[in-house]
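Peer 1: Take a look at the letters that make up each chain.
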Amino acid sequence: MSLGKEELAAAIARDIPTGSFVNLGIGQPTSVADYLEDDAAVVLHTENGMLNMGPAAVGDQVDPDLTNAGKIPVVELPGCSYFHHADSFAMMRGGHLDVCVMGAYQVSATGDLANWHTGAPDAIPAVGGAMDLATGAKRVFVMMNLLTKDGRPKLVPECTYPLTGVACVDRVYTDMATFDITPEGVVVLATHGPTFADLEELLDVPLIAATGH
Amino acid sequence: MSLGKEELAAAIARDIPTGSFVNLGIGQPTSVADYLEDDAAVVLHTENGMLNMGPAAVGDQVDPDLTNAGKIPVVELPGCSYFHHADSFAMMRGGHLDVCVMGAYQVSATGDLANWHTGAPDAIPAVGGAMDLATGAKRVFVMMNLLTKDGRPKLVPECTYPLTGVACVDRVYTDMATFDITPEGVVVLATHGPTFADLEELLDVPLIAATGH
Amino acid sequence: MTTVCSATEAVADIADGSTVLVSGFGMAGMPVELIDALISQGATDLTVVSNNAGNGDTGLAALLAKRRVRKMICSFPRQFDSWVFDGLYRSGEIELEVVPQGTLAERLRAAGAGIPAFFCPTGAGTMLADGKETREIDGRLHVLEYALPGDVALVGAHRADRLGNVVYRKTARNFGPVMATAARTTIVQVADVVATGQLDPEAIVTPSIFVDRIVPVGGQA
Amino acid sequence: MTTVCSATEAVADIADGSTVLVSGFGMAGMPVELIDALISQGATDLTVVSNNAGNGDTGLAALLAKRRVRKMICSFPRQFDSWVFDGLYRSGEIELEVVPQGTLAERLRAAGAGIPAFFCPTGAGTMLADGKETREIDGRLHVLEYALPGDVALVGAHRADRLGNVVYRKTARNFGPVMATAARTTIVQVADVVATGQLDPEAIVTPSIFVDRIVPVGGQA
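Residue numbers (my numbering), protein chains in the order written: chain A, 1 to 213; chain B, 1001 to 1213; chain C, 2001 to 2221; chain D, 3001 to 3221.
Excised from the complex, chain A in its bound form:
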């Protein structure tokens, strides 16, 4: 059985080492926070200038001066800190974040990431902090469905969409399988439903079985 979005978020949360500093991208990746155990002591960074960000604000907690990068009101956790945008992105670009989790249109076999622009002539380009995250975090995790709605693979030999970053993705979590992008190639870490052979059939990318599979 392929993984649902919530199961995927939980799987990612389990793989984040205790005490990590983590940035969760806008949209689906935000849900990973719901599955982080308190004793994992993970500290969430939001690029609009905060560490130790808490969950979404509810009711009276809503404060227009306190939002996440998706502009959703959030709350503080004890030990939080605020800083300006240049300091926030220095943190990112300087390699201080342990993990970031982002969505993607496409990931290439060598870890190129495309997640900011469809390249459509009428699209308004809007990059936000995507390139900074892709370039700066020590480990870049992608969270996506393995196939587009019309059934085409999103793990591809080479991205056809405009790139967000070159050779920056470390791991790809999908509904059907989890992949590591390594210097040796794309390693299938776990499968959810399809067999290794199914995945080889589906994808136009050479796959390596994880040791022990």
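Note that these hints are calculated values from the structure, not bench results.
All C-beta atoms, glycine included, are put in the ideal place defined by N, C-alpha and C.
Do not rely on the hints blindly, as some may be mistaken.
[Unchecked claim] Taking lysine to any residue and the SDA-like style, the derived pairs with C-alpha atoms no more than 20 Å apart in a straight line are:
{"id": "1", "chain 1": "B", "residue 1": "K1138", "chain 2": "D", "residue 2": "L3141"}
{"id": "2", "chain 1": "A", "residue 1": "K149", "chain 2": "A", "residue 2": "D170"}
{"id": "3", "chain 1": "B", "residue 1": "K1138", "chain 2": "B", "residue 2": "A1041"}
{"id": "4", "chain 1": "C", "residue 1": "K2132", "chain 2": "D", "residue 2": "D3138"}
{"id": "5", "chain 1": "A", "residue 1": "K138", "chain 2": "D", "residue 2": "T3185"}
{"id": "6", "chain 1": "B", "residue 1": "K1071", "chain 2": "D", "residue 2": "Q3079"}
{"id": "7", "chain 1": "A", "residue 1": "K138", "chain 2": "C", "residue 2": "G2125"}
[Stated by the list, open to error] Some chain A residues flagged as far from chain D (calculated, every beta-carbon gap over 12 Å):
{"id": "8", "residue": "P17"}
{"id": "9", "residue": "T30"}
{"id": "10", "residue": "L36"}
{"id": "11", "residue": "A41"}
{"id": "12", "residue": "A57"}
{"id": "13", "residue": "V62"}
{"id": "14", "residue": "S88"}
{"id": "15", "residue": "G119"}
{"id": "16", "residue": "P125"}
{"id": "17", "residue": "D132"}
{"id": "18", "residue": "D170"}
{"id": "19", "residue": "D175"}
Since chain A is already given, all that's left is putting chains B, C and D on it; use the hints.
Peer 2: Structure of chains B, C and D alone, referenced to chain A:
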């Protein structure tokens, strides 16, 4: 009559515009602070990370965590602020200081400054913040005797000592005269004792009389 | 020297053709009253630098709607409520320069810090580096990015003292502190102004040296 | 993740040949207890980056006196009480790289911020730019300066919470915050450690993300 050190400090203080942000170099320039009127609202910057620095600390006021750039204990003034070294020198390099006052070994006719290194083979080079100040302040005032102890001019056609900055000095206050370094040449703004002709005799630099002299 | 004045007085000398830095991330830290005053003042042919390109119909979006902005420099123009910008862009009535968010912040900081250009890994190998100088340093490709100074910064902050020291509130801090350093004239709107000495010297975020005009606008303090 | 430990534990893994960033301006902000622990630990062949080259016979001067430092990178080695460094330098027992103070701070910040190199006006046309790449930008000569990362930073600060957030005291802040960002391992000595949540989130200067080890040493808090 040539000006004494205190008179020179007072003359410089009078020329600093109301509300200026000012850095006073280590040594003699520090004494300019004693002649700044309260209503001039001048804010002193010290490059070790403070704005609105107060005078030297006395008695119980001494706090080893609060010093000026010469490592002399000082006190706070209301409205002071603290910041780290990168921010402090960003302030300087970014052109936010209105005036700095520094000593000099030599100033050239085109405003080159030499004030950090004698060039002697056994000297230990130590630049501190001198180059940053010379490069960054909107106006660089030099405070020095016009002649060395053995009678040689310190306002020279070209510096023979290693440079601190190129074409960075705006005005030179000396015991004998005050000079503006302008695109047209060295203008004698005021004389203290010697006549304009005496100065022309003394210096190997073409001089221009200030309008009205 | 910092003056405390009204929004109308504060923006009176902003010239046509100016580059205006506008703080805020979405509406948090957006200097709405200063933008309203700028709309009334009438300056046009502006280049606006801001993270987004306006939300809804107020603030920056209202300035855009009046067609006063020739060019937007921002990281993320397209949002669910950016219909004003979207319309102008699609009809070719506004120029757009998209800059990665961290590079935007760093170019502003560089302008304030006297650094004219720096090598930056972000965007290397992407279309946002097209036409830019690149260099491999320590085995990694970098893009040469230039400082982005403004003629004027409009900053939304929390509180100032009479001397012009400024503090912010929570994530509304965002671009304010760097923009305050990057403009020839910095105008800061605050909820309230307190006596000099009433702010903690260890917690001042924007020292008075960067602030030309303070505009108290009331509101949450 | 930040650990709270003793000075001895904190410096135990500093290797011979390391580049060690040492905060302080004169004695203000100097991490004396960490340096003492480093002396006891015995690491040698070090490159030390610090504004000065030691004062009197304690702290950094004591490390130098033990001949553990191969090279000093600093802005102002020569002071009235820098006799230890002076002697080593004159006898050719230590290398010296003199860097303008603001360039030193900016190179450290760049290392922490992922900027490998930047153009800087300071020092252009002087002997400190000899052999360096230069470029005229906007009509002004600039020097290309490179980031200055450390293996370890030893930082003297005021107070930390258990999570590792740090605040400083007055002008003892100086190089601490930038050095904390610039090293692979950052060790901060503080007068005391408070419970997480006891520091004002708006006034934290070094967030915990930059801090690996906190060493409470007592003293003025």
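Peer 1: Of the hints stated earlier, which fail here?
Peer 2: 2, 8, 11, 14, 17
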